[in-house]
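Number of protein chains: 2
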Amino acid sequence: MAVRISTPTEYESLVNKYDTWMFDCDGVLWHGDRLIDGKRVLFVTNNASKSRKSYKGKFDQLGVEAHVEEIYGSAYASAVYISSVMKLPKDKKVYVIGMAGIEEELREEGVSFIGGTDPEDCTLEPFTLTNFSLDPDVQAVLCGLDLRVNYTKISKAFQYLTRNPGCQFLVTNEDSTFPSADGLLPGAGAISAPLRYALEKDPISIGKPAKTMLDCIQAKVNFDPERTIMIGDRLNTDILFGQAGGLATLLVLTGITSEQDITGPNASAIVPDYVTQSIGDLRVVNGK
Amino acid sequence: MAVRISTPTEYESLVNKYDTWMFDCDGVLWHGDRLIDGKRVLFVTNNASKSRKSYKGKFDQLGVEAHVEEIYGSAYASAVYISSVMKLPKDKKVYVIGMAGIEEELREEGVSFIGGTDPEDCTLEPFTLTNFSLDPDVQAVLCGLDLRVNYTKISKAFQYLTRNPGCQFLVTNEDSTFPSADGLLPGAGAISAPLRYALEKDPISIGKPAKTMLDCIQAKVNFDPERTIMIGDRLNTDILFGQAGGLATLLVLTGITSEQDITGPNASAIVPDYVTQSIGDLRVVNGK
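Keeping their order, the protein sequence lines are chains Y and U.
Heads up, the first sequence is in the numbering used here, so the first residue is 2 and it goes up one at a time.
Heads up, the second sequence is in the numbering used here, so the first residue is 2 and it goes up one at a time.
In case anyone wonders, no lab produced these hints; they're calculated from the structure.
Among the hints, erroneous ones may be present.
[To be verified] Pulled a few chain U residues facing chain Y out of the computed Cβ check, cut under 8 Å:
id: 1; residue: Phe60
id: 2; residue: Thr129
id: 3; residue: Thr131
id: 4; residue: Leu148
id: 5; residue: Val150
id: 6; residue: Pro180
id: 7; residue: Gly184
id: 8; residue: Leu186
id: 9; residue: Gly188
id: 10; residue: Gly190
id: 11; residue: Phe224
id: 12; residue: Tyr275
[Stated by the list, open to error] For the chain U half of the interface with chain Y, some residues (derived, Cβ under 7 Å), not all of them:
id: 13; residue: Pro127
id: 14; residue: Pro137
id: 15; residue: Tyr152
id: 16; residue: Gln169
id: 17; residue: Phe170
id: 18; residue: Pro187
id: 19; residue: Ala199
id: 20; residue: Lys202
Glycine is no exception: its CB is placed at the ideal position from the N, C-alpha and C atoms.
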């Protein structure tokens, strides 16, 4: 059973136990959150609509202190995966279903891409194969949250994945929904669902809970898993990610997961080490 | 094992065995096909992009003789299901992800609907919940093939299905792909996949292989299942549909299914009674 953290003393003993604190962002951090003094803080988010640079801008606005090198997004991790793990040759390309955040990270890693925000693919004109020419250099499809997803993008991605031999099917993350300011909306997992369904095949997923994301952090940051804690609001991404990496886990109840999801007869099988109402409560310990 | 039908004698004995011939359309019928004289012929299609009236127009163009009452499409069957099985009250509505064919059939059955081809929902402008007002009268979401599917439609459908108590999740059919003139494209099943994924729930499916489609035909036509044969190009829709309804089944190899799918070590577990290269070969028997 998860240990409840609510009193200042409980927080203080938790803070003393861990040196590296990995925070999920959406649904966890709030306006003006100041995190733990004297500890290494990393931000690990599945949100691929923003690049690390845009995240830094958002943090600045919210008053959350962060540096670009402390931010690990699934768009960044996907770009690193394609350039360093897949080792996509420089003359090959990725077809993107996704937004500017993915494109920025691919560009930074020197990965060529088509699709994405290209106006030609952001259209509701009926797609037919008559005028489509298959680009043989497309060797991967990368799919993330895309608020302008449409039949043309899905159909082009489907052509590459069925007709270009060896073309890889990658997704930034598999979150079924995401918490927008006014409520839940379909997430990146829902955007890639038509391709999964049409291909009858699961993609390689980069974001939490996949180990790919942790590999990406470990390549840049030296941390002791036993002295590291992952803080998040979602059991099947954040908490599972921490557990798979041998990290401690702290669930906050300010986002997706509610009290009912972790107690009672229908409680999830994924049990965090610790649970707390809100990460804002850490401020008490932090004296701010 | 399926019985091969290829010689005129084999065709003739098949024709003599069955009184009612149910034909799938896309991938089965071709320009100028004339079907079996003196037999009852019905057309049973999962294609929901066309109403029965539009199908009749297409048949006229192709030189295939057909009457509107002989055509059973998944759009029509969905409209009948909503009005006669669900018995949706007249003051309630359906939210449509789909094209004009679905709207025409709903209108003919007197079912109110929103969404579909409404320009307000056919947009790539980012959707937010801020300006969305939930219509409490929406008691079903009906999803079919929609070449203008987008995030606004998916998000609105998601809101109705999660926030309107008892709202039903219906799909015209679950075909993962469909054979366009120039090759395979993602099908109606792929269009509804984001909702399945975000809801973690399967919809009620109306088209083949579901029995709902056969119920719809049986309500209008009197036929003896033992003297009826279903002809189609897809094992997991057409052939399964025929088998579930106690009909004989004939697979044609002019569409989705290839020789490899029915022979060899990876052959499908769904075995038709008969298999033939093309339905055009029936003409030999028919003397045309």
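Hint check:
no. : hint   : verdict
1   : Phe60  : violated, 21 Å
2   : Thr129 : holds, 7 Å
3   : Thr131 : holds, 6 Å
4   : Leu148 : holds, 4 Å
5   : Val150 : holds, 6 Å
6   : Pro180 : violated, 11 Å
7   : Gly184 : holds, 5 Å
8   : Leu186 : holds, 5 Å
9   : Gly188 : holds, 7 Å
10  : Gly190 : holds, 5 Å
11  : Phe224 : violated, 33 Å
12  : Tyr275 : violated, 26 Å
13  : Pro127 : holds, 4 Å
14  : Pro137 : violated, 16 Å
15  : Tyr152 : holds, 5 Å
16  : Gln169 : violated, 19 Å
17  : Phe170 : violated, 14 Å
18  : Pro187 : holds, 4 Å
19  : Ala199 : holds, 4 Å
20  : Lys202 : violated, 11 Å
Going through the hint list in order, the structure does not satisfy hints 1, 6, 11, 12, 14, 16, 17, 20.
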